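*Asks:* Can you make the complete structure from the sequences, with help from the hints?
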Amino acid sequence: MKTFEVLGTGCKKCTNTAEKIEKMASELGQDVEVVKITDPAKIMEYQVMSTPAVALDGQVVHSGSIPTSDAIAEWLKG
Amino acid sequence: MLAIFTQLADWLTYTLMGLSPETKLGTSIHFFIEDTTKILFLLVVMIYVIALMRASLNLDRVRAYIQRKNRTVGYFFGSGFGAITPFCSCSSIPLFLGFTSAGIPLGITMAFLFTSPIINEVAVIMLWSLLGWKFTLAYIVIGMAVGMIGGMILDAIKGERWLKDFAAKAYQKAAEQAHDSPHDVEVPEAPKLTFKDRHNFAKDELKEIVGRIWKWVLIGVGLGAALHGFVPDGWFAENLGSGQWWSVPAAVFAGLPLYSNATGVIPVMESLIVKGLPVGTTLAFCMSTVAASFPEFIMLKQVMTFRLLAIIFAILLANFMVVGWVINAIGPWLFAGS
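As you go down the protein sequences, you meet chains A and B in turn. Residue numbering for the first sequence follows the working numbering, beginning at 1 and increasing consecutively. Residue numbering for the second sequence follows the working numbering, beginning at 1 and increasing consecutively.
These are computed hints drawn from the structure, not numbers from a lab. Predicted model only: the values in this text are computed from it and were never measured. We put the CB at the ideal spot given by N, CA and C, even for glycine. There may be inaccurate statements among the hints.
To be verified - Covered stretches of chain B (in silico footprint by chain A; criterion: 3 or more residues with CB under 8 angstroms from a CB of chain A, positions within the stretch not fixed):
#	stretch
1	53–63
2	297–303
To be verified - The list that follows gives simulated cross-link-like pairs (lysine to any residue, SDA-like), each with its CA atoms no further than 25 angstroms apart:
#	chain 1	residue 1	chain 2	residue 2
3	A	K13	B	Q177
4	A	K12	B	Q177
5	B	K215	B	D197
6	A	K20	B	E205
*Replies:* This is the structure in structure tokens:
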């Protein structure tokens with residue numbers, strides 16, 4: 001099972017990002033875990049400077065905006 | 001070219017609605033129509049054009065540039081990049097930690113964060129169209145000065161002592177590394193972008209920014225229009241003239257509970273100045289509204305102790321007051337003839 005971590009200090013865009021990934025995963029019938037990371041120390045460890053950012057299984061794959069549907073589909077597929 | 005918006009407002013207000021330019025309502029509505037149409041038009045065009053140009057500017061590159069500078073010019077670059085880098089206030093904390101964990105001094109990081117809400121392309125476009133280039137230039141110089149001086153004071157008093165533990169440790173570790181091998185930071189290469197990439201970026205930026213600020217434009221211009229129509233010319237000059245030194249701190253404290261971005265305040269500034277409020281007092285009010293916002297401070301609480309926050313707050317307020325007094329003193333000379 002894939003684990004997505006949505007990094008962000010709790011702004012609206014971060015919530016939207018997490019919801020978007022969950023929604024697309026359930027549409028594709030995939031079982032994923034989506035965790036929201038709001039702890040600044042953790043975000044710092046990932047070396048992310050613009051949020052919302054997304055880490056897939058511990059690797060940052062995106063930062064700075066709500067990811068596009070294409071990008072999410074790619075992560076779910078890969 | 002911008003005269004077309006005056007003509008549009010003339011026609012809508014005086015011909016179509018049949019209001020008289022002699023009435024308070026007539027002047028207010030005219031002001032509202034002229035300014036909203038002009039500002040929204042300029043914003044749409046300029047945000048798109050500017051976004052095309054800065055599509056390849058990202059925070060990792062900005063950070064590397066700043067890291068390579070020595071401390072003296074660092075404040076200038078921190079503040080300058082704060083002005084031009086697109087950045088949403090919800091990213092303040094990750095940005096702060098990203099800079100700190102790269103060993104960038106607290107003062108330089110804060111110069112970036114102080115300047116960022118004061119100067120941005122939207123504020124500059126609006127000031128230019130409403131108050132002219134001289135005022136715009138003065139605003140940019142002052143905005144950057146507030147950021148740089150605030151940063152320098154923080155470093156002079158060793159503000160990093162009062163960071164939260166995890167942030168202080170990250171800073172110390174990076175600073176030690178930088179001491180061992182200074183100036184070997186490489187600026188990441190600019191991403192190769194086709195025109196189509198740039199266009200897509202600019203289109204998204206335009207949608208994002210206009211979607212976020214159009215309400216502020218309407219509210220700001222609405223307030224400005226009401227002031228314009230209903231407050232008699234010279235009212236502020238008579239009641240809160242520049243002779244009274246206390247009008248500056250009063251303006252700073254009046255601006256504190258108001259939380260707005262630059263977009264909402266600038267049309268109000270225009271009306272305040274036209275009605276005779278001294279320029280320095282007006283600027284102090286504007287900066288206090290825009291740059292000292294409680295939501296922002298509550299966010300910074302995650303990485304700073306209360307003591308540091310209080311110090312930063314005090315530095316900002318003191319800076320705004322100095323700006324107000326200095327500009328009131330030299331304003332008549334600075335803006336003579338404009």
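*Asks:* Could you run down the list of hints and mark each one as holding or not?
*Replies:* These are the hints, each one checked on the structure:
For a cut-off of 8 angstroms, the count of residues in the stretch 53–63 of chain B with a CB near a CB of chain A stands at 4, and the three-residue condition holds. Interface restraint, the stretch 297–303 of chain B with chain A: holds (3 residues with C-beta to C-beta distance below 8 angstroms; minimum three). Of the pairs offered as hints, the one joining A/K13 and B/Q177 is violated, with about 35 angstroms between alpha carbons and a cut-off of 25 angstroms exceeded. This hinted pair does not check out: A/K12 and B/Q177 have alpha carbons roughly 36 angstroms apart, beyond 25 angstroms.
Simply put, B/K215 and B/D197 have alpha-carbon atoms about 29 angstroms apart, too far for the 25 angstroms limit, and the pair is violated. Taken as a hint, the A/K20 and B/E205 pair is honoured in the structure, with Cα atoms around 20 angstroms apart against an allowance of 25 angstroms.
Hint check: violations occur at hints 3, 4, 5; the rest are consistent with the structure.
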